[in-house]
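Number of protein chains: 2
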Amino acid sequence: MREEILQTRRRNIRRQLRKRNIDGLILTKSVDVTYVTAFAGHDSWALLTKNAVYLITDSRYTEQAHNECLQTTIVERRGFISEATGRLVRRLKSLRSVALSRSISLAAYETLKKSVAIPLKKVDGLLTTARSIKDKVEIAAIKTAANTAAVALENTKPFFKPGIAEIELAGILDLEIRRLGSKNGFETIVAFGPNASRPHHQPSRRKLHRTDTILIDFGATCKGYTSDITRCFAVGKPTAAYRHAYEVVTRAQAASIATARAGAELVAVDAAAREVIRDSGLPVHGHGGGHGIGLEIHEIPFLKEDAQGTLQAGQIITIEPGVYIPGKLGVRLEDDILITDKGCQILTRRCPHAELPI
Amino acid sequence: MREEILQTRRRNIRRQLRKRNIDGLILTKSVDVTYVTAFAGHDSWALLTKNAVYLITDSRYTEQAHNECLQTTIVERRGFISEATGRLVRRLKSLRSVALSRSISLAAYETLKKSVAIPLKKVDGLLTTARSIKDKVEIAAIKTAANTAAVALENTKPFFKPGIAEIELAGILDLEIRRLGSKNGFETIVAFGPNASRPHHQPSRRKLHRTDTILIDFGATCKGYTSDITRCFAVGKPTAAYRHAYEVVTRAQAASIATARAGAELVAVDAAAREVIRDSGLPVHGHGGGHGIGLEIHEIPFLKEDAQGTLQAGQIITIEPGVYIPGKLGVRLEDDILITDKGCQILTRRCPHAELPI
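Respectively, the protein sequence lines represent chains L and C. Residues 2 to 359, numbered by this note's numbering, are exactly what the first sequence covers, in order. Residues 2 to 359, numbered by this note's numbering, are exactly what the second sequence covers, in order.
These are computed hints drawn from the structure, not numbers from a lab. Misleading hints may appear alongside valid ones.
Since the list can't tell identical chains apart, any single copy or any two copies may satisfy a pair.
Keeping only pairs whose Cα atoms sit at most 25 Å apart, straight-line, the calculated SDA-like set for lysine to any residue is [to be verified]:
| # | residue 1 | residue 2 |
| --- | --- | --- |
| 1 | Lys224 | Pro195 |
| 2 | Lys208 | Leu93 |
| 3 | Lys329 | Thr63 |
| 4 | Lys30 | Arg199 |
| 5 | Lys224 | Ile165 |
Source: prediction; values computed, not measured.
This is chain L alone, in the form it adopts within the complex (with noise of 0.2 Å):
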């Protein structure tokens, strides 16, 4: 079954290729390697032709590549990475002409243009394109990383007492991840209080007071691929503005479901939840309203005031409004939902919103 939402993978890949008149394509990024070819390390690229996929790796990794690599030939490389696709490229007497994403740093693409002796074309966008409409192996996987991710959360909420340090949730946290077998899909964000007023905020020492609020943003992997969900919880009594802040969040975020499925603007989807924001008369969140994720934790499409475009069935989105007032509080809820052509299904409903105050 992998095997054939492998080929199903490159063989929509190569009809983008055919369509620009391209016989080959290098991949630099590990997730669009892991992509085309399942394996999972490092420091390894892949080129993708009409009829084969090649690994250049490395001796750290050849044995990893073996294991993981499904209807892929294998080239162990010495020296760099970027010649050492060139040479292969060389070799390959059929390719006309070959392409790679701007995403390649200056350095190995001046290196790689030296080396190969056929045009080397630009080609953007191709497979961010491709990965953002999960197949059934990838939905399966966020699903598994959500759920994954739910039971950890349920695992640390014994933790949530006064004196606990912001770090220490956040490690206690990813260690319940870890002890289910999984790891974090990035680095945890804890903030109580008025520190969850920044989005980017990072743990700190700050502890929990006896009455007080927590946000969670975190996520759990399955075979790369990654959750990721944000939750809001008082300690004590919290107080009326918070409490105001939380049903604004929850009525905005449900409004930006309600209008989420295939074919729906992507402004849309953002507006939906920003309006409801603004009705209320609180700050509207300065970050954008959800992302795709996957592979990678930010992926297209973004929710976004200026974005363009629609969402499209088999896609799995955050949706991920906020009210962040500096200095007073800060309340984000984010949920992973997969597009369908009649709307959408929640992938994270195993991770009950909290009922306030807890």
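Following the hints, complete the assembly by docking chain C onto the known chain L.
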């Protein structure tokens, strides 16, 4: 004191720019940006000119930038960072040439090149070279990072109990690092028994047996600087083969450390450890014998069989020989040492090597 250090760093870089007849330097790697501005956030670039330093950041980081940056003009961008930096360069009429490292992405380079009206030169290695010689603020940070790692490992030892999984032990160690107010410098490696024969082993669900061995490769951070330590332990009575490998690696590491001083050839320091292992009849590690540490976990200088150049006073490097026998065992010992004119100083003394069996 911090400001003086920052001025010294900038002076050194400007001296290199003058030699190359370059007026300004665009820094696009976040560690380089941190090095010249003290800003610890992400998604930001810096521009260093003859008499000023600019940080190009966005609204998410403006507050943090004002708190952290020293003697830096903060430019809040909208839109792409490459375009915003191009605009800034155009605005600074006195600039006649500007340079950058080829670690920049091709996409950002092309945008920048279109945007600036003056020559855009390429200089490789300027910042990595400057950053390889540590100043006293950096040495103090790495010492603290090493001590934190030592305490965290000590606190983790009570969990070296049969039945614990590699991933769980890794999680506990990471939590202990957090409890000390720090965080991981990189992904902790925990490998039990034969799993340790893979230098890049990913912690798995493999459980610790009653008679078993443990390899842990980890680091804590302080102010962005990371330590990097590997220790091996035995639970129950280790095999004669394991004891032998451990003893050989101990001698190999000591041999390498004994040669480490300013002016020593990198190949000689690397070779000293390899020779001890080769003479013992055991297989020699396939990876390098050590590497610089700092704001990045792997920096110049690299100890390798084909390394060129010599050690310099003020560099901080790891020395990490190993013996790996697939399916059987893996032993690696890694310490962090500060290179001085007369020899070196071991910064990881507080993390004792195990007396086998523990």
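Consistency of the hints with the structure:
no.	hint	result
1	Lys224 - Pro195	between (35 Å within a copy, 23 Å between copies)
2	Lys208 - Leu93	neither (61 Å within a copy, 46 Å between copies)
3	Lys329 - Thr63	between (53 Å within a copy, 19 Å between copies)
4	Lys30 - Arg199	between (30 Å within a copy, 24 Å between copies)
5	Lys224 - Ile165	between (32 Å within a copy, 22 Å between copies)
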